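Student: This is what each chain is made of:
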Amino acid sequence: MKEHILSIVWLTPLVGMFILLLLPKEAKNLIRLVANVAAFVGFLVSLPLVFWFDNASTAEYQFVERMSWIPSLGAEYYMGIDGISLLLIMLTTVVGFLSILSSWTAIDNRVKEYYSFFLFLQAAMLAVFMALDLFLFYVFWEIMLVPMYFIIGIWGHARRLYAAIKFFLYTLAGSVLLLLAMLALYFKHAEQFGVYSFAIEDLMRTQVPLDMQIWMFWGFFIAFAIKVPMFPLHTWLPDAHTEAPTAGSVILAGVLLKMGIYGMVRFSIPLLPEAASDPSTVQLIAALSIIGIVYGALVSLMQKNWKKLIAYSSVSHLGFCTLGIIALNPNGIAGGILQGINHGLSTPLLFLVIGIVYEQRHALEIADYGGLANRMPVYTVIFLISMLASMGMPGLNGFIGEFTILRGVFEHDPMWAAFAVLGIVLGAAYLLWLFQRTMLGPLTNPKNETLRDMNPREICVMLPLIAWCFWIGLYPKQHFEILDKPVARIVERVDPEYYSRNGIPNPLNEGAQVAKLVQD
Amino acid sequence: MTPLFTAADFFTLKPAIALCSVGCIVLFAEWAFRSRGAAAWVALFGELLTAYALWVHSADVAANGPRFALSNSMTIDGFSVFFGYIFVVSAILAIIISARYMEDEKSNRSEFYALMLFAQAGMTVMAQGYDLVTLFIGLELMALSFYVMVGFLRDELRSNEAAMKYLILGALSSGFLAYGFSILYGISGSTNLSEIADAVASRDLHDPILILAMVTTSVGLFFKISVVPFHMWAPDVYEGAPTPVTAYISVASKAASFALLMRIFLVPLVSAQEVWIPLLGGVALATMTLGNIAAITQNNLKRLLAYSSISHAGYILLGLVAGNETGLKGVSVYILVYMFMNFGVFALIAAMRRDGHAAEDIDDLGGLMGRHPGYAILMLILLLSLAGIPPTAGFYGKYFIFLGLLQAGQYFLAIVAALYVAVATYYYFRIIRAIFLSDGLEPATIAPGLGTKLALVASGVFTLVIGLYPEPFINMATNSILLALR
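Which chain is which? The protein sequence lines are A and B, in order.
The working numbering applies: residue 1 is where the first sequence begins, and numbers increase by one.
The working numbering applies: residue 1 is where the second sequence begins, and numbers increase by one.
Mixed in with the good hints there might be a few duds.
What the hints assert, rightly or not - Which chain B residues face chain A? A few, computed with CB under 8 Å, are given here:
hint, residue
1, Glu30
2, Leu403
3, Leu406
4, Gly409
5, Ala418
6, Phe436
7, Pro470
8, Leu482
As the list claims (entries may be wrong) - What follows is a set of in silico ranges between Cβ atoms, one per label pair, in the way DEER data are often shown:
hint, chain 1, residue 1, chain 2, residue 2, range
9, A, Glu60, B, Val416, 36 to 44 Å
10, A, Glu191, B, Pro229, 32 to 40 Å
11, B, Asn299, A, Asn305, 27 to 35 Å
Hints listed in this document are in silico derivations from the structure and should not be mistaken for laboratory results.
All of these numbers come straight from a predicted model, not from anything done at the bench.
Each residue gets a CB set at the ideal place from its N, CA and C atoms; glycine is no exception.
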């Protein structure tokens with residue numbers, strides 16, 4: 001059981017999908033029930049990961065499964081997780097289940113296809129976070145686009161066809177560059193070692209001259225930057241977010257965007273450390289991140305469409321993540337990853353909030369609403385919490401993430417931190433203004449008088465996310481502990497002297513000492 | 001004096017003999033069995049015989065290595081066996097699609113199947129030939145059979161027009177090829193490929209006569225594999241021909257022409273590699289560009305697939321441009337997977353009808369998901385594979401081509417070819433959009449016969465299976481690499 005836990009986790013949604021395929025498509029409620037059960041079971045089977053995960057004694061990948069798959073290419077079925085993947089996997093199983101739960105009444109046509117695509121997407125996303133073989137990773141990375149394309153394209157809003165294909169082509173264009181960079185590295189490795197392998201620890205051993213590394217780095221980086229998305233490759237995101245159905249936006253914001261971050265910390269930086277720490281690379285990425293932070297925030301201020309506002313706020317928030325990561329020190333990277341998780345909690349909340357009124361009113365313009373607090377008190381409280389979480393209010397998760405990032409960034413270059421703070425101020429502005437325009441004041445639009453407050457199912461969807469927000473906000477220690485070792489491994493790759501130079505104990509050695517103690 | 005025809009010669013010719021003789025029997029099948037369906041069954045029997053002969057060949061190659069026969073004018077090697085199997089599988093798929101389609105078009109006659117077998121006999125000779133004359137005869141046998149098959153719907157204007165176009169342009173290209181062959185004979189005094197290779201190797205690479213021979217030969221071959229700028233016939237012929245014939249041309253005829261092209265470039269012209277690699281690279285680049293861009297605006301499925309097959313030919317050519325083992329493996333893998341994915345799509349098109357006529361537009365697929373989810377899913381797999389998205393078979397073709405290019409240091413071509421994948425995805429997704437996303441369209445009736453269903457399911461399943469577990473198929477392709485590569 002324990003040695004196959006990862007396969008069980010990612011295959012559970014897939015099994016659910018096959019069960020769905022056997023059901024008649026008229027039995028809508030049965031399909032909904034089975035899909036929800038499958039997603040919930042998917043969450044349950046992922047829980048043991050948290051308890052079995054050994055954070056103290058090892059920095060290696062855990063729950064490793066390794067089997068030969070295509071020997072002539074050197075591609076393997078090679079799965080394993082570290083702290084970074086663990087957090088993202090848990091985020092995926094939680095957000096994935098909640099978004100399926102949130103679609104119960106929102107989706108009423110082609111229900112069977114909807115849930116099948118969703119479960120398929122869920123399986124592929126989980127596998128992306130587990131794959132330690134670059135080829136395997138690439139397969140899941142690509143196949144994941146297909147169900148997302150359908151979710152936007154079939155159940156989206158008015159301009160869904162355009163948004164769906166734009167999303168697909170944008171990501172695919174990045175992916176093919178990733179493929180080329182990956183193949184170049186793979187070939188280089190084979191040349192030096194005489195064996196074909198896609199396993200990341202093998203590829204890490206490859207010696208690549210700096211100029212070639214930089215080419216490969218950008219191949220990897222563009223693919224991941226599109227997914228994040230970083231300015232100026234972000235233009236697909238507002239369309240995809242705005243046109244997708246609520247659950248689609250939730251999973252897109254909650255999990256899919258995190259893959260870009262994950263790709264950077266798992267592949268681009270550790271595989272090509274010299275290119276990543278090259279000053280011109282760092283400067284360029286930092287500049288793009290800062291532009292993204294400020295530009296995203298300014299554009300959010302201008303938005304008249306509620307969903308689009310949240311979409312642009314993602315560009316701004318994820319700019320923080322990439323800025324933290326490219327600072328290439330423990331605080332920056334850990335903060336960047338944690339902020340990714342935070343964004344994966346607060347943005348889904350904001351989209352779910354929109355979804356509740358959209359389902360009743362079918363309107364997304366901010367001007368259509370106003371004074372909703374008068375009619376929907378519970379809803380208002382939940383929106384307030386989500387908004388504060390996203391804004392970075394102390395006591396909630398966003399603050400911890402932003403603060404850690406700023407510490408890391410400040411250490412690298414105080415100027416960057418100064419610009420990034422501007423993003424926080426603007427973030428507060430557009431979110432508070434949004435809240436004011438939609439929730440406060442008199443209820444002017446008569447159509448809004450029929451709105452009902454949240455029902456228990458909707459509250460259930462929100463509560464786990466809110467609880468997690470408070471957990472990180474009030475007591476983030478466990479999260480940082482989980483991230484400590486994997487982050488240290490990344491820092492060791494780009495800057496081996498970091499810990500000794502700054503007189504900070506290296507978490508990797510700590511683990512070794514503990515392990516030694518245990519053995520003794 | 002050696003005997004005129006030895007047992008070894010007979011052994012070498014077995015597949016071609018099986019095809020020709022069964023082809024002759026097929027001609028009489030309708031009359032002999034008093035049944036219109038009989039011809040297809042007899043033809044399938046012929047395929048079984050051929051497959052058996054190929055199997056014996058492959059066992060022989062595995063045991064004794066390549067061999068030559070008929071005064072060194074034919075050969076058996078991993079290359080010929082691989083292509084022989086490709087022809088057998090595509091002929092089987094074409095035959096089983098044809099039965100229902102030709103019945104619907106009221107043209108289900110024995111000659112049709114006989115022509116298929118004759119064409120295939122020509123192809124096997126093209127894959128096995130080791131002598132200019134033999135190769136040319138194989139090519140002409142294939143081409144002549146196709147001219148007739150393309151125009152087989154005698155009452156259809158489009159079919160007649162397509163046949164006429166194909167005949168005239170095909171004859172022109174054969175003329176070029178014959179001219180190129182004659183110069184090669186002129187500079188070497190022999191029609192045997194090895195002897196020509198020696199003669200070419202001893203010459204200066206930039207000798208104008210050699211360049212002329214290379215260019216004229218290439219022009220003839222470029223026509224057959226429909227690459228830019230000799231691609232113009234393809235969309236019209238693909239559109240006008242009966243759909244099973246279109247599938248057969250786009251797969252088998254193209255594969256055979258690639259076999260011939262590789263035999264010529266990798267045996268007699270191998271020493272001139274540095275001259276022809278830029279030539280092929282340029283042609284491949286132009287082909288991918290034109291094929292992908294022209295396909296975007298097509299509304300007729302068969303025309304769209306014609307342009308898509310032009311761009312695929314560009315990709316396959318890139319394997320040769322890479323010029324290394326990985327690239328050549330890529331060519332074989334690509335041809336293998338292309339066969340399944342292309343036949344699958346054509347099988348569905350062959351089954352689509354509207355008001356008693358063949359329906360061939362993208363819109364005719366509207367809302368297929370709602371009515372035939374099974375076919376829709378199969379089409380999704382096939383189209384994703386055509387676009388080259390893993391884990392479908394089509395990905396592996398592109399994988400090897402890209403890797404080969406990177407190994408050869410052709411970074412520019414690799415990047416352009418990779419980015420064109422995104423362009424190609426756009427037009428394949430136009431079809432996917434019609435199938436899954438648009439439900440307002442008036443759908444065409446889809447009534448596949450048993451054979452068509454079988455072809456569709458087999459193609460879809462193979463496309464997925466190769467995608468998920470490509471190992472045996474990659475090994476098959478590895479064995480097919482031409483050893484003559486230096």
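Student: Look at each hint and say if it fits the structure.
Tutor: Status of the hints after comparison with the structure:
no., hint, verdict
1, Glu30, "violated (43 Å)"
2, Leu403, "holds (5 Å)"
3, Leu406, "holds (5 Å)"
4, Gly409, "violated (10 Å)"
5, Ala418, "holds (4 Å)"
6, Phe436, "holds (6 Å)"
7, Pro470, "holds (6 Å)"
8, Leu482, "violated (19 Å)"
9, A:Glu60 with B:Val416: 36 to 44 Å, "holds (41 Å)"
10, A:Glu191 with B:Pro229: 32 to 40 Å, "holds (37 Å)"
11, B:Asn299 with A:Asn305: 27 to 35 Å, "holds (34 Å)"
Hints 1, 4, 8, counting from the list given before, are not met by this structure.
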